[in-house]
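Undergrad: Construct all of the structure, not just a fragment, from the sequences and the given hints.
Those protein sequences? They're chains B and Z, same order as listed.
First residue of the first sequence: 1, per my numbering; consecutive thereafter.
First residue of the second sequence: 1, per my numbering; consecutive thereafter.
Honestly, I wouldn't trust all of these hints.
Straight line, CA to CA, 30 Å or less: simulated DSBU-like cross-link-like pairs of lysine-lysine [as the list claims (entries may be wrong)]:
no., chain 1, residue 1, chain 2, residue 2
1, Z, Lys-615, B, Lys-88
2, B, Lys-4, Z, Lys-266
3, Z, Lys-423, B, Lys-146
4, Z, Lys-177, Z, Lys-189
5, Z, Lys-313, Z, Lys-331
6, B, Lys-4, Z, Lys-231
7, B, Lys-120, B, Lys-146
8, Z, Lys-573, Z, Lys-459
9, Z, Lys-365, Z, Lys-231
10, B, Lys-120, Z, Lys-615
11, Z, Lys-339, Z, Lys-564
12, B, Lys-88, Z, Lys-212
13, B, Lys-4, Z, Lys-262
14, Z, Lys-212, B, Lys-120
15, Z, Lys-573, B, Lys-120
16, B, Lys-88, Z, Lys-166
17, Z, Lys-266, Z, Lys-231
18, Z, Lys-259, B, Lys-4
19, Z, Lys-615, B, Lys-146
20, Z, Lys-249, Z, Lys-365
21, Z, Lys-423, Z, Lys-249
22, Z, Lys-212, Z, Lys-166
23, Z, Lys-564, Z, Lys-714
24, B, Lys-4, Z, Lys-257
25, B, Lys-146, Z, Lys-573
26, B, Lys-88, Z, Lys-231
27, B, Lys-120, Z, Lys-608
28, Z, Lys-166, Z, Lys-189
29, Z, Lys-177, Z, Lys-202
Quick list of simulated restraints, FRET-style, between CB atoms [as the list claims (entries may be wrong)]:
no., chain 1, residue 1, chain 2, residue 2, range
30, B, Ser-11, Z, Arg-364, 34 to 40 Å
31, B, Asp-92, Z, His-163, 29 to 35 Å
32, B, Asn-116, Z, Ala-386, 50 to 56 Å
33, Z, Arg-310, B, Glu-126, 40 to 46 Å
34, B, Lys-4, Z, Pro-581, 55 to 61 Å
35, B, Asn-116, Z, Ser-252, 54 to 60 Å
36, B, Asp-17, Z, Leu-580, 33 to 39 Å
Read the hints as simulated data drawn from the structure, not as lab findings.
Ideal Cβ placement from N, Cα and C applies to all residues, glycine included.
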Amino acid sequence: MTYKLSINGGSHVIDADGDTPLLWVLRDLLSMTGTKFGCGMALCGACTVHQDGNPIRSCITTIDSIGDSEITTIETIGRTPAGARIQKAWLDLEVVQCGYCQSGQVMCAAALLARNPIPKDSDIDEAMSGNICRCGTYIRIREAIKYASVAPATNVQKAD
Amino acid sequence: MFDPLVDLEVGSKGKTSRGVSRRTVLKVGAAAGGGLLLSVGLPYSAGSAADDANFAPNAFVRIARDGQVTLTMSQVEMGQGTYTSMPMLVAEELEVDLAQIRLEHAPPDDKLYGNPRLGFQVTGGSTSVRAFWKPLRIAGAAARTMLISAAAATWNVEIASCHAAKGTVIHAPSGRKLTYGRLVDQAAKLPVPNDVVLKDRKDFTLIGTSAKRTDATGKVNGTADFGIDAKIPGMKIATVSACPLIGGKLGSVDESKAKNVKGVIKIVRLDDAVAVIADHMGAAKKGLEALAITWDQGASATFSTADMVRQLKDASSRRAVVAVERGDAVKAISTLPTKVDAVYQMPLLAHAAMEPMNCTVHVRKDGCDVWVGTQVITRARAAAAAVTGLPLDKVKVHNHLLGGGFGRRLDVDGITQAVQIAKQVDYPVKVIWTREEDIRHDVYRPYYYDTLSAGLDEKGHPIAFSHRVAGSSILARWLPPAFKNGLDRDAVEAGAGPYSFENVLVDYVRQEPPAGLTTGWWRGVGVTHNAFMVEGFVDELAAAAGQDPVSYRRALLGNSPRAKAVLDLVAVKAGWDKPLPAGIGRGVSVVFGFGSYVAQVAEVSVGKDGRVRVKRVVCALDCGQMINPDTIKAQMEGGIIFGLTAALYGEITLKDGRVEQSNFDNYQALRINEAPTIEVYMIDSNAEPGGIGEPGTATIAPAVVNAIFALTGKRLRQLPIDTAQLKSA
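TA: Below is the structure:
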């Protein structure tokens with residue numbers, strides 16, 4: 001069966017079983033490898049993308065459940081104001097180490113910031129505790145979210 | 001990985017990285033296609049590098065006619081910041097901006113890029129900066145000297161009247177300037193300068209300042225290219241299930257249902273595994289689940305953790321091989337007024353790097369390509385050659401960024417398996433392990449069963465100390481020539497901590513788990529293991545002596561002023577002498593490893609349910625000369641989190657011949673809501689640089705158990721922390 005998916009502003013027709021997780025469609029069929037595989041069970045957050053702006057785990061989101069909602073991945077999150085702020089904060093505060101989990105971290109943080117411009121520590125815990133980083137960059141992730149939340153608006157890149 | 005740069009003599013005073021003061025060998029000439037090429041040999045390859053005939057460079061610095069500087073080297077990037085710190089060393093002496101240097105990953109070639117102490121290409125053991133600290137600076141300084149000479153000759157002025165800055169040679173009296181690119185061909189004709197003068201520390205403009213990571217942008221926008229991201233035209237995706245029983249084999253496979261799964265292309269059988277190749281990983285996984293597989297159980301089908309521990313306990317009373325001996329510890333302990341004995345244990349651990357094991361392979365009749373993130377690229381090539389029967393020069397390995405290494409990617413088992421699968425088809429195949437496969441078929445950090453004893457005099461001072469390590473030898477498998485006379489020097493590294501005991505005995509008994517359960521490197525193995533045993537035990541000695549844990553350790557660090565300095569610093573910064581709020585306990589540990597000194601204080605609380613919460617960690621570090629301080633701080637922060645995961649959760653257990661854990665639900669990792677605040681204080685030092693990837697991890701677990709003792713009076717001698725023992729309700 002074929003499914004029509006809206007991803008990053010484009011439309012893609014996918015011929016695969018309906019129970020195929022979105023993650024593998026992105027990575028293997030559409031070559032969008034920025035979204036990462038970590039656990040396959042929604043335990044680590046590495047595969048996080050946005051569905052209509054909400055963070056979801058693409059490793060357990062089957063393509064027959066997506067309908068006409070809009071999927072945004074790490075490849076274009078920088079076009080959103082919150083995504084751009086988060087990416088800049090990540091760079092300014094040197095968050096990354098191996099970097100493998102950071103696509104998912106950035107996606108979760110961008111979703112948090114978009115709905116909560118000045119998150120408290122408890123908000124950060126709640127939004128980010130589903131994302132594992134084995135390099136242990138948590139200290140800087142927390143700092144970077146706070147930094148992005150108060151960064152002057154001039155730092156924000158406009159969406160194209 | 002173990003530390004190949006230190007001598008075996010553990011427990012003695014101040015080890016330093018060996019031989020880096022020996023003369024670095026440098027060759028200079030014209031680069032192919034124009035420009036200046038410097039070949040840098042590491043200095044400590046058993047003296048052989050001192051003559052031209054044996055010259056084998058380990059890195060290349062090329063300056064092109066357009067001024068572009070390219071550094072080719074073998075050290076890989078897995079988060080530790082090598083891709084930034086290595087170019088910094090060259091840029092500092094060459095007088096170019098960091099941005100002017102491009103880093104090129106070295107192709108597999110042990111002769112050119114091998115780590116001289118190990119004989120092959122490897123990134124591990126916190127060695128990169130320590131090995132290349134001088135050679136890369138000498139290369140940069142030699143190039144700078146030659147470029148200045150070339151400019152002076154061009155202008156017919158005194159060399160001393162010229163200087164270099166920002167990729168340009170300047171003749172200040174006349175204001176003339178020439179960029180490096182304009183000078184390279186002339187410089188290439190000059191002889192190698194006899195005496196290269198390195199910059200004085202006070203003149204450093206890059207080294208010791210925090211440079212931005214060169215690999216960060218791609219890691220926040222999704223373009224970073226990890227092994228799992230390899231995209232090869234015509235490539236298919238495979239996932240695999242290896243026999244879940246230790247040492248078991250594949251029996252039969254009924255593939256009828258799997259073949260009907262949309263997107264499934266082929267089922268591939270190996271001796272001990274079965275793989276499904278498909279259009280995408282979703283179909284491959286679905287196909288694998290649809291297979292009906294029977295396994296041949298093998299000889300260890302009833303093996304459990306309890307069996308392993310019993311074997312280690314028995315081994316521990318066997319004859320041991322002496323690693324360090326001074327005085328007569330056994331005799332002294334028996335005659336001293338107070339004797340303290342303890343058994344400490346650490347579990348098997350998986351690595352669980354965020355990027356699951358994967359490898360992409362294309363096998364053709366005339367050659368083989370491998371795309372993978374590996375810490376040992378030449379071993380990767382050899383593995384592919386062995387499976388395919390191709391000569392080494394027909395195997396090309398394309399190295400990628402590593403989504404976490406932690407020692408796991410020092411082994412090539414997954415590469416061998418991927419080539420075995422790819423060999424059965426004529427198209428490229430990306431083999432991806434599920435997280436379950438990754439955890440159940442890891443090479444595990446060994447289980448250690450250690451017996452410690454000490455004798456204290458009337459004042460509580462430990463006159464004698466003994467430490468018997470029992471466990472698997474990683475070196476015996478991984479680098480057999482380094483396993484000598486039954487001694488695994490990694491297993492006993494730092495076996496007496498940084499302390500000077502009058503009488504000391506550290507010895508080792510090798511006991512292997514059953515065939516099929518492989519042990520391997522895990523972030524800071526030897527030091528991480530022994531730091532937990534020794535620092536926990538020394539804390540017990542302080543308690544037995546009725547003394548403060550910091551001052552007790554201090555008195556034992558007479559021969560190690562740098563260890564004493566980090567201990568003093570951490571005590572001050574943590575407010576060791578100040579009272580804590582009710583319900584908080586504080587513990588300390590101090591470690592020397594990988595050429596660096598680390599002390600940490602952990603503050604913890606324990607819930608009624610026994611749950612341990614680490615609230616605050618203060619870390620003091622002396623790693624010698626710092627290259628990129630912000631990266632060092634990041635490695636301490638991350639190392640502490642990594643070590644906390646192991647202390648609180650990390651445990652691989654065996655039951656009925658199988659690994660019981662499978663994913664992050666039962667092999668947990670610390671999460672952001674559990675992360676303590678971490679303060680890192682670094683001592684400004686001009687000593688030789690130490691390693692930074694592993695010491696932070698090694699120090700934290702003992703600080704935590706010592707804090708639990710301070711709070712609850714309960715002494716935990718085994719990891720992970722058993723919350724059942726700490727319940728108070």
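Undergrad: All hints, please: hold or fail.
TA: Hints and how they fare:
{"no.": "1", "hint": "Z:Lys-615 with B:Lys-88", "verdict": "29 Å, holds"}
{"no.": "2", "hint": "B:Lys-4 with Z:Lys-266", "verdict": "27 Å, holds"}
{"no.": "3", "hint": "Z:Lys-423 with B:Lys-146", "verdict": "51 Å, violated"}
{"no.": "4", "hint": "Z:Lys-177 with Z:Lys-189", "verdict": "20 Å, holds"}
{"no.": "5", "hint": "Z:Lys-313 with Z:Lys-331", "verdict": "23 Å, holds"}
{"no.": "6", "hint": "B:Lys-4 with Z:Lys-231", "verdict": "23 Å, holds"}
{"no.": "7", "hint": "B:Lys-120 with B:Lys-146", "verdict": "8 Å, holds"}
{"no.": "8", "hint": "Z:Lys-573 with Z:Lys-459", "verdict": "29 Å, holds"}
{"no.": "9", "hint": "Z:Lys-365 with Z:Lys-231", "verdict": "21 Å, holds"}
{"no.": "10", "hint": "B:Lys-120 with Z:Lys-615", "verdict": "18 Å, holds"}
{"no.": "11", "hint": "Z:Lys-339 with Z:Lys-564", "verdict": "26 Å, holds"}
{"no.": "12", "hint": "B:Lys-88 with Z:Lys-212", "verdict": "13 Å, holds"}
{"no.": "13", "hint": "B:Lys-4 with Z:Lys-262", "verdict": "18 Å, holds"}
{"no.": "14", "hint": "Z:Lys-212 with B:Lys-120", "verdict": "28 Å, holds"}
{"no.": "15", "hint": "Z:Lys-573 with B:Lys-120", "verdict": "27 Å, holds"}
{"no.": "16", "hint": "B:Lys-88 with Z:Lys-166", "verdict": "27 Å, holds"}
{"no.": "17", "hint": "Z:Lys-266 with Z:Lys-231", "verdict": "20 Å, holds"}
{"no.": "18", "hint": "Z:Lys-259 with B:Lys-4", "verdict": "26 Å, holds"}
{"no.": "19", "hint": "Z:Lys-615 with B:Lys-146", "verdict": "20 Å, holds"}
{"no.": "20", "hint": "Z:Lys-249 with Z:Lys-365", "verdict": "28 Å, holds"}
{"no.": "21", "hint": "Z:Lys-423 with Z:Lys-249", "verdict": "19 Å, holds"}
{"no.": "22", "hint": "Z:Lys-212 with Z:Lys-166", "verdict": "18 Å, holds"}
{"no.": "23", "hint": "Z:Lys-564 with Z:Lys-714", "verdict": "27 Å, holds"}
{"no.": "24", "hint": "B:Lys-4 with Z:Lys-257", "verdict": "27 Å, holds"}
{"no.": "25", "hint": "B:Lys-146 with Z:Lys-573", "verdict": "25 Å, holds"}
{"no.": "26", "hint": "B:Lys-88 with Z:Lys-231", "verdict": "28 Å, holds"}
{"no.": "27", "hint": "B:Lys-120 with Z:Lys-608", "verdict": "27 Å, holds"}
{"no.": "28", "hint": "Z:Lys-166 with Z:Lys-189", "verdict": "23 Å, holds"}
{"no.": "29", "hint": "Z:Lys-177 with Z:Lys-202", "verdict": "26 Å, holds"}
{"no.": "30", "hint": "B:Ser-11 with Z:Arg-364: 34 to 40 Å", "verdict": "37 Å, holds"}
{"no.": "31", "hint": "B:Asp-92 with Z:His-163: 29 to 35 Å", "verdict": "33 Å, holds"}
{"no.": "32", "hint": "B:Asn-116 with Z:Ala-386: 50 to 56 Å", "verdict": "55 Å, holds"}
{"no.": "33", "hint": "Z:Arg-310 with B:Glu-126: 40 to 46 Å", "verdict": "45 Å, holds"}
{"no.": "34", "hint": "B:Lys-4 with Z:Pro-581: 55 to 61 Å", "verdict": "59 Å, holds"}
{"no.": "35", "hint": "B:Asn-116 with Z:Ser-252: 54 to 60 Å", "verdict": "55 Å, holds"}
{"no.": "36", "hint": "B:Asp-17 with Z:Leu-580: 33 to 39 Å", "verdict": "58 Å, violated"}
Comparing the model with each numbered hint stated earlier shows that hints 3 and 36 do not hold.
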